[in-house]
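Visitor: These protein sequence lines map, in sequence, to chains B and P.
Per this note's numbering, the first sequence starts with residue 571, numbered consecutively.
Per this note's numbering, the second sequence starts with residue 571, numbered consecutively.
It is worth saying that the hints were derived from the structure and are not from the lab.
Do not rely on the hints blindly, as some may be mistaken.
Note that the list lumps identical chains together, so a pair holds whenever it fits in one copy or between two copies.
As the list claims (entries may be wrong) - Mimicking SDA-like on lysine to any residue, the simulated pairs with C-alpha atoms at most 25 Å apart in a straight line are:
#1 Lys-631 / Glu-749
#2 Lys-687 / Ala-771
#3 Lys-772 / Gly-696
#4 Lys-631 / Ala-902
#5 Lys-631 / Asp-897
#6 Lys-631 / Leu-908
Number of protein chains: 2
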Amino acid sequence: MPCPSDPRPVILTGDRPTGPLHLGHYAGSLKSRVALQDSHRQFLLLADTQALTDNADDPGKVRRNILEVALDYLAVGIDPGRTTICLQSGLPALADLTLLYLNFVTVARLERNPTIKDEIQARGFGRDIPAGFLCYPAAQAADITAFRATVVPVGDDQAPLIEQTNEIVRRVNRQAGREILPIATALIPEIGRLPGIDGKAKMSKSLGNAVPLSATPDEIAEAVRRMYTDPNHLRASDPGRVEGNVVFTYLDAFDDDREAVAELKARYRRGGLGDATVKSRLNDVLQALLAPIRERRAALAGDPERVLEVVRDGTRAARSVTQATLDEVRSALGLFVLDPVSGPT
Amino acid sequence: MPCPSDPRPVILTGDRPTGPLHLGHYAGSLKSRVALQDSHRQFLLLADTQALTDNADDPGKVRRNILEVALDYLAVGIDPGRTTICLQSGLPALADLTLLYLNFVTVARLERNPTIKDEIQARGFGRDIPAGFLCYPAAQAADITAFRATVVPVGDDQAPLIEQTNEIVRRVNRQAGREILPIATALIPEIGRLPGIDGKAKMSKSLGNAVPLSATPDEIAEAVRRMYTDPNHLRASDPGRVEGNVVFTYLDAFDDDREAVAELKARYRRGGLGDATVKSRLNDVLQALLAPIRERRAALAGDPERVLEVVRDGTRAARSVTQATLDEVRSALGLFVLDPVSGPT
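Kindly generate the complete structure, drawing on both the sequences and the hints.
Guide: In structure tokens form, the structure reads like this:
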């Protein structure tokens, strides 16, 4: 249950540690996580167990990126004093809850999940779907409920996963005969997914169209230089399109001076504004945004043990929370709890 | 790894706590478990998590029978000083290993498992197979490998589960680049499955054809009286069939005087031996076998807390063994181990 002395809503979010985070993560989630640190009791989960469900052939990638993502968190301003950063594989209660929930969902239901269907296709699994991958919605239900999170920020393509969680919650509550677990609400970000610098819908390190949070000034400048604009906007005097023009999409996402951006858009549409001018403004904005993040990140990277200690501390704190939920769910279902104080502390 | 100071092979066996144990369990496994306590390092797992995979609608049944099965173990002569009795749900490393192994097996492979196919049919799941049920071979692989068991007694219908375990073991070892986990060998009992007293292939409480280990003298006598013999053996003077005759099957299983049994069989085949005589002998044998078990069981049942303390102690001991394996497997695969001493002790 929510900490009696803490009436704030519980929010659970996190990332699969498969690569350092980039501007897309910043716009889509990191920025709002920093903003929610006081109004919410926030847990950030480094989802290394989930990352393995489609990276079992390269566990080293998952291991290395735990530190990278933790560095990104701290660099953007996540404060371990206000947000609990924890590691999924360090929370055995999550695995126990996952196995429990797998009894409350059928194979057919997992296979029907639209998110899973899309992701299976995207990963080219064909008939060879790892069982862990098919089961990960139950693992996600375990994560969400173990923290008793009621607010779960997800992309709009992931809303079916929250529905799946709530189906399990209702099933468990019905069996327990009381509302032992809360229903979760998906928090869909207002700003849509940030496109890659090439204009593709998704920014991703593997597509080579991402700007990592650790990008150097030169890398930022080069990314802006290569950025997709309006291919038909050949001369500055031509009218140009703003829609689908990545430079303007990024200005919308990162330039706080909305009025100036609106004016630039109008001029660009009319004709008379060259790409170089707009790109120069975006470069200034991104350099200003990323410089302090990069500097904090570099300083923190010099002492990785200190960063891992933050994760270790957060994981220990999360262990009591998640173990307490597991014990309560087991008791409520009439299951045996051999040793209620068994959780590592 | 096997305890350095203990060179004996590790044997893992156990039961799903869904009902008190009966004569079928005694003949098929309990007797040999008692005999193996010195030659092997033996772990007995009360598989409550696995029992839930097809009893999620009645968790109370699983909870209640943990004590019943533990009582049966102690009553037949399992010595907690020589055999570790432990509870599956009290060993979080098993759940963690299960989730890990689910990444190394495909959904299609689980669906092809002959044991699972048969069991899905037997349970009438149809299309509504609980995901936890489909996944239980991976959980079984976790159990076996967590204890580094090399000897696993199973019925012959369960040999495919050991094959599935070894497939996962080979996959993990290949990925780790070394033999981090041992291959397990199925130990198929010499004596076949004991039939029910009605002659049906399986003795089961739910079929009403079982003799529980706690049966009273009257219940034993009544079971023998009702026992299926040769339906064509109408008069003592008629020749009778020994094959499929449950009374003789039970004498083979429980009467230590092989010569006397062989002579009875010969007389029965020739004609001139009535069912009543053979049943009387079997009754004597079963009364002698079950009397001390029943008495020990009744005495132990008077102090359930003491019995649960045995399970609690065994589970604590098993926690260090299984947590160590989890940490070693994770390290060998190149996964992050945040806090190697994290296991509850």
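Visitor: Against each hint, give a clear statement of whether it holds in the structure.
Guide: Against the structure, the hints come out as follows:
1. For a Cα distance limit of 25 Å, the shortest separation of Lys-631 from Glu-749 across copies, 22 Å, qualifies, whereas the shortest one inside one copy, 40 Å, does not.
2. With identical chains, the CA atoms of Lys-687 and Ala-771 are at most 25 Å apart within one copy only, with a shortest distance of 19 Å there and 43 Å across copies.
3. For the identical chains of this complex, Lys-772 and Gly-696 are intra-copy neighbours only, at 22 Å inside a copy versus 40 Å across copies, given an alpha-carbon limit of 25 Å.
4. In the homo-oligomer, the alpha carbons of Lys-631 and Ala-902 lie at most 25 Å apart only across protomers (14 Å), although the nearest pairing inside one protomer, at 39 Å, exceeds that limit.
5. For the homomeric pair Lys-631 and Asp-897, the shortest alpha-carbon distance between copies (18 Å) is at most 25 Å, but the shortest distance inside one copy (33 Å) is not.
6. When the C-alpha separation of Lys-631 and Leu-908 is checked against a cutoff of 25 Å, the pair qualifies only between copies, where the shortest distance is 16 Å, while the shortest distance within a copy is 37 Å.
Checked against the numbered hints above, the structure breaks none of them.
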